[in-house]
Amino acid sequence: MSIERNQLIQSLLQILPEKSVLHTPEDMHPYECDGLSAYRKLPLVVVLPTTVEQVQDILRLCHSLEVPVVARGAGTGLSGGALPNEQGVLLGLGKFKQILEINAEQRTARVQPGVRNLAISQAVDSLGLYYAPDPSSQIACTIGGNVAENSGGVHCLKYGLTVHNIQQVKIVTMEGDLLTLGNSGLDSAGYDLLALFTGSEGLLGVIVEVTVKLLPKPERAQVVLAAFDDVVKAGAAVGNIIAAGIIPAGLEMMDKLAIKAAEDFVHAGYPVDAAAILLCELDGTNAEVSEYILRVRDILNQSGATEVRTAKDEQERMIFWKGRKSAFPAVGRISPDYYCMDGTIPRKQLPRVLETMDKWSKEYNLPVANVFHAGDGNLHPLILYDANKPGELERTEEFGGRILELCVEVGGTITGEHGVGMEKINQMCVQFQPAELEQFHAVKHAFDERGLLNPGKAVPTLHRCAEFGAMHVHHGKLSHPELERF
Amino acid sequence: MRDQDISHNLQQQVIDAATSKRALHIVGGNNKSFYGRNISGGVLNVAEHRGILNHEPTELVITARAGTPLQAIEDQLSKHHQILGFEPPHFGNTATLGGTIACNFSGPRRAAAGSARDFMLGCKIINGKGEMLSFGGEVMKNVAGFDVSRLMCGALGTLGVLLEISVRVLPRPELELTLSQEMDAAHALAKLHALGRQALPISASVFDGLNLHIRLSGSAAAVNAAKAAIGGEQMQYDAVFWQQLREQQLPFFKHSQTLWRISVASNTPPLNLPGSWLYEWDGAQRWLFSDAPADVIRNVAALHGGHAVCFRAQHKPDQVFHPLESGMLKLQQKIKHAFDPAGIFNPGMMYTEI
Chain A
37 MSIERNQLIQ SLLQILPEKS VLHTPEDMHP YECDGLSAYR KLPLVVVLPT TVEQVQDILR
97 LCHSLEVPVV ARGAGTGLSG GALPNEQGVL LGLGKFKQIL EINAEQRTAR VQPGVRNLAI
157 SQAVDSLGLY YAPDPSSQIA CTIGGNVAEN SGGVHCLKYG LTVHNIQQVK IVTMEGDLLT
217 LGNSGLDSAG YDLLALFTGS EGLLGVIVEV TVKLLPKPER AQVVLAAFDD VVKAGAAVGN
277 IIAAGIIPAG LEMMDKLAIK AAEDFVHAGY PVDAAAILLC ELDGTNAEVS EYILRVRDIL
337 NQSGATEVRT AKDEQERMIF WKGRKSAFPA VGRISPDYYC MDGTIPRKQL PRVLETMDKW
397 SKEYNLPVAN VFHAGDGNLH PLILYDANKP GELERTEEFG GRILELCVEV GGTITGEHGV
457 GMEKINQMCV QFQPAELEQF HAVKHAFDER GLLNPGKAVP TLHRCAEFGA MHVHHGKLSH
517 PELERF
Chain B
60 MRDQDISHNL QQQVIDAATS KRALHIVGGN NKSFYGRNIS GGVLNVAEHR GILNHEPTEL
120 VITARAGTPL QAIEDQLSKH HQILGFEPPH FGNTATLGGT IACNFSGPRR AAAGSARDFM
180 LGCKIINGKG EMLSFGGEVM KNVAGFDVSR LMCGALGTLG VLLEISVRVL PRPELELTLS
240 QEMDAAHALA KLHALGRQAL PISASVFDGL NLHIRLSGSA AAVNAAKAAI GGEQMQYDAV
300 FWQQLREQQL PFFKHSQTLW RISVASNTPP LNLPGSWLYE WDGAQRWLFS DAPADVIRNV
360 AALHGGHAVC FRAQHKPDQV FHPLESGMLK LQQKIKHAFD PAGIFNPGMM YTEI
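The listed protein sequences derive, respectively, from chains A and B.
For what it's worth, my numbering labels the leading residue of the first sequence as 37, then goes sequentially.
For what it's worth, my numbering labels the leading residue of the second sequence as 60, then goes sequentially.
Here chain B stands alone, though its shape is the one from the complex (with noise of 0.2 Å):
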């Protein structure tokens, strides 16, 4: 598919859903289909507006629109040996970046660099009343206006169409080497919290129910002075295995039940909830395999300051995310309405109510 500029094709289908009152079904990639509500309405197919328009490296910035393929952005960073700081999972070969945004997505890196929506810069969009909107920018640092840009992360596209997507890049670390060690869960919490506190090039964690493995990036001097204050053994071929883990492609992903995703404190002791787990980002991202009700493991992740996500099922329950209290659910609302007072953006992926 070559780069093309369709925004007003897709302004013109927002402004006439609008005026129809029709829902629209936003499209990129659709390869996350598993995420989110099942929802009905008129397909808005976004992966056609594709294309980079913007990459400066000594800038740190990429702007692209936003149906642009994320491994095209990543090849294009690559080039210039930076990276995407909140490595994104991908969850198939079509993954664009405005889904990736639209979802939040981000992978094993975020505890230590920050997740999608920290590295957002700005973003042009449709809103609900069909006008394109420009946020934020291509600067680092930008105050000029509520920060529209950084609440489309993770609203699902609820609130307008993804048009472009300014987002910030990393260098490449010069060195990054993986150190296994076997404990329990208790004692890999324990131990990432002790590294915690000193300043160690950690840029990712995972427990996978025998081991910790923790991922080491940084200038070589950095991290072969942090290898031997950690210790354990160098895992080999070590970026397929992070790869797999952010692509939930490792064994322990094989699982028929239904998949959980817990965002707790990280210093949550493990969760006396029944199926098996795996550790991320210190202890603060949890996956679950499990049949015990919604209810039940939605009460625990409150419990400790946190909230539960029905990641991926075969029968998904009604409320797939941490249901809102009443008076944050009728914020939300008068949000959605701001930006979508017809309600035609993907209405009922993320609530019913929204």
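With the rest of the complex left out, here is chain A (with noise of 0.2 Å):
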């Protein structure tokens, strides 16, 4: 153990108690990796405080001996965010785990960031309201770990993505500072660092309180599952749903390989043979759904569908989003390892990118399973490989890669939700020229002058960029004095 590891350890020791400061490899393993645990790190020390206090003076120490601080919430993120530093501390903020308060007349609750996703809607469900945004991790992800990755969720087209769906946060600067974003009104004076905030994936502060927003539980929520023999077919039903005026709360598709997987898993009675199926589902008042489910049976019949199905009741409902919801761990017993993307595209992109994908599947041998969030254009494919077979974790990698260059070539993003993380940060070199990576990291240094929060993850260097050989596509633009200044 060096003299400088000890020395952080014993300070931190004076702010915090004994337990809540995990320094041997046993008892930092569990946060060796977050929810792409392809990458592994031990960071040099785990620190799990229960007070704001006790976060602004691990940030303030941090600050003054400059030990980079990645922060972490219940570690479900998927694009390696949380993955720890080696020369860094791990902030666990599991701790935060109180709802300060529901106030139903204003329908906001508070609370502290490591409160479950889920636990918000539960909390509130006897006032009849619940809190919009629901990604597949809901059961465990936190509210600290959704703001600052803007988590989405199937039902974002209709009630958009965490960003739509919060007031305010306190955060903690890099210098220990407490400072408000947002206020308990719909606007705040000055610039919107709420905004700005949300979705910095831990580079420009530290979480600590959260309010949200909350929704009145809609009347009735039903849902519709179709069949189609082509996907292009089923995604040209998508726009066709749109364009008749049409906000469904949630529009969802799923590929053949998908379909198999989910149903071998929770047999939710999906038809096996098609090549894609849709599941559009309609919330609002009773005779409002009613009326719709008509209108978009219509339409998904017009489209071309092989079969279209409405659930029956409640409980079929359920079964059908639970096959989707859980279509990546449907997609995990059937292979050992799978790796997930998140490119989101213009949906009438869908066809080429689709092709593209299904050719390069074929040239890497390796499967793809396409979950994908119709509606909104966020494609899951999840790429099957087998992390024991030397060399294809990395083919995998460099497949995924393409997928997402693929996803800006088309008008696209390397994330719809995700986040860029360690996972994607090469791919930013492709979505993003250089000054605008530059202009990045003078927002961060805004925040975060010595660069000590979350370092080297979400904005890549200029220098990394050159060296992962993508600034060269950009026009030629890329020059040696730009480098230099980094």
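Hints listed in this document are in silico derivations from the structure and should not be mistaken for laboratory results.
Ideal Cβ positions, reconstructed from N, Cα and C, are used throughout, including at glycine.
Keep in mind that the hints are not guaranteed to be accurate.
Covered stretches of chain A, as calculated for chain B (at least 3 residues, CB under 8 Å) [stated by the list, open to error]: (1) 136-145; (2) 229-238; (3) 274-283; (4) 412-424.
Just so you have them, the derived chain A footprint on chain B, three or more residues with Cβ under 8 Å [stated by the list, open to error]: (5) 64-78; (6) 112-123; (7) 163-170; (8) 196-203; (9) 281-289; (10) 321-333; (11) 338-352.
Take the two lone chains and join them into the complex the hints point to.
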């Protein structure tokens, strides 16, 4: 153990009780990775504070010692955003589990960052309210992590992302200052730092409190399942629904491999012969849902669906969704490992993207199951691989990287809701020009002058991009003088 | 005026200004000059940088140059039975998309559907170094990089010159109607909060001192069902009413005193400040004509978790926007510096220090 590390641990023990400072490899082991388990590292030390003052003291200490800090919620993130820094402190916020205040009149809940997403909806259920964003990991993921990643879910098309559903966030800066972003109204004075902060992946500050907006539960929700013999037809059907002026609460697509895996896992009654299925959920008043169900069924039939089924009751609706929400673990059962991508594309590009992925799948000899938030264009191709086969992870990463670059090429983005983290850091060089990346660094510098918060994640250095070799594709604009600034 | 791309011309003007550290006053339709602190500086005219670049009705997105008239955007959307969900006020017929986004102006539908910032998907800007940069895009879900696009909303051009803007759009509701009931402010707020806890298709509300008006928008089935549940008298020509409210043309707005926009927690009771009041956004936005001192108004707004903006005044106070606490001001100055190191964009329009 180096002297510096010893000093750091001793200083942390001045702030925290002994049980809140973990420094043996065995104790730190559970924190070595997040949901992207292909990347693993041990930090210098793990700290588990219980008060905002402790968080402030920890950050002040790390600031003065120039020690990097990585914040972590439940560790369910899929992009390696909470991967520890080997030279830094891992700051776990899992003990901040209190729901501080529920304001039924204003329809808000003020909660600590370690409160689980689903726990918020459960706590306000009796008031007829819920918290709308519902990432698939909602049983386990925490609201602090949701804000850091600007998490989505299956209901984003109608109800928006995390950024649309929060009102105020309290953060601690790297220098240990407590700041409030947003307020109790619908807007606040000065720059909209609440928007800037949401989705900043732990690079700008540590979240210590979140006030979320709550919505009244719709009177009724109903889901229609449609089967197609061709994914392109299914994609067109999505456009036809939107063109008819209907914004479904959820609009999801799964392809053949994903259908098969989900069906074998949860027996949702999915048509396993279909090339694709769509799940279209409509919510609202009873009369409205009845009317829209009929219209959507018509549109699906006219779009060439081979079968259109409305869930006959709430139980069947839940099982239809269970199949979709279990798609990732279901795929996990049919393959030793899978790699989940998260690009977003303009929906009209779906045929081209699916066709190209299919071609590459054969080229790399790696099967792909597709799960797709079809309404908002967010694709989750799951590449099936076996980490124990030498070279297969590397091939998978290369394949995945090409998929993301394709998403950028067709006018989309490398990440719709999972974040860049460690995983997509190289693809940031494809999506953004050097000057844009420099602008991100300047924003980071405004919050964290010494660059200690989650360093190396989310925004690549120009040097890294040059090494990745992607920059030359930017119209040959990269020049050496720019490189030397980093 | 014809559609044209003058981005390189604008970029050159920014580079020149940055080199000589000359302030620029960014102007679009020049119809919102009443808003913000008065500033001086060489005019950077963005109005000629105009034209709709992309509208994909089935993708629910429109992209246009910042100088595109707001009316042209709305006309284009209207052809496809779509609307700007944030229902922005125009405040004159020269309003541009860029100016609207820079002010983050949102109208009656804001409480139900979201603000300009909520509908923002992406933008292209010129920063203070004269670099053309793109952030966000034309897709709904995009978490790559910091959310610079939304940061531009309400920044009053102080962080960069908006060149192109992509916003999400919504289908036009199948049916809209308005219900009016006479009551006092406290009852109006109580009623709105009770209704807010039910899943009803309420798209706007206003209490004008005498009557609570509630607008319903959505499918005919939903609107008609809600109509029975809410009660009240159906308003005639209600589309004109909401337009006049949005444009501040209702009789309430014909007033010589200073107009304050007070943004507070929606469930704040009627505030004890002298003047005439109008409540929007279920109580979260309150308009006040008053001669009360700025400090008094601001203290009351802050006490209820909000802030107060001096929206229109013959004699503006030195601070038009709610003063920031020192730690927050320091951070915002650093952000300004990150985008505009020479301090050339609309200096002082928001705060003297920014």
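Hints, one by one, checked against the model:
Look at the segment 136-145 of chain A against chain B: 5 of its residues bring a Cβ nearer than 8 Å to a Cβ of that chain, three or more, so the hint holds. A count of 6 residues in the segment 229-238 of chain A with a Cβ less than 8 Å from any Cβ of chain B is obtained; the coverage claim is therefore met, three being the minimum. With 7 residues bearing a CB less than 8 Å from a CB of chain B, the segment 274-283 of chain A meets the requirement of three and the coverage assertion stands. As drawn, the segment 412-424 of chain A meets chain B at 3 residues by the rule of a beta-carbon pair under 8 Å; at three or more, the given contact holds.
Residues of the segment 64-78 of chain B with a Cβ under 8 Å from some Cβ of chain A number 0, which does not satisfy the need for three, so the listed coverage is violated. With a cut-off of 8 Å between beta carbons, the segment 112-123 of chain B has 5 residues touching chain A; three or more are needed, and the interface restraint holds. A count of 3 residues in the segment 163-170 of chain B with a Cβ less than 8 Å from any Cβ of chain A is obtained; the coverage claim is therefore met, three being the minimum. Check result for the segment 196-203 of chain B against chain A: holds, 8 residues qualifying (beta carbon to beta carbon below 8 Å, three or more required).
Interface restraint, the segment 281-289 of chain B with chain A: holds (4 residues with C-beta to C-beta distance below 8 Å; minimum three). For a cut-off of 8 Å, the count of residues in the segment 321-333 of chain B with a CB near a CB of chain A stands at 5, and the three-residue condition holds. Beta-carbon proximity to chain A at under 8 Å applies to 3 residues in the segment 338-352 of chain B; the threshold of 3 is reached and the given coverage holds.
Consistency with the previously given hints fails for number 5 only.
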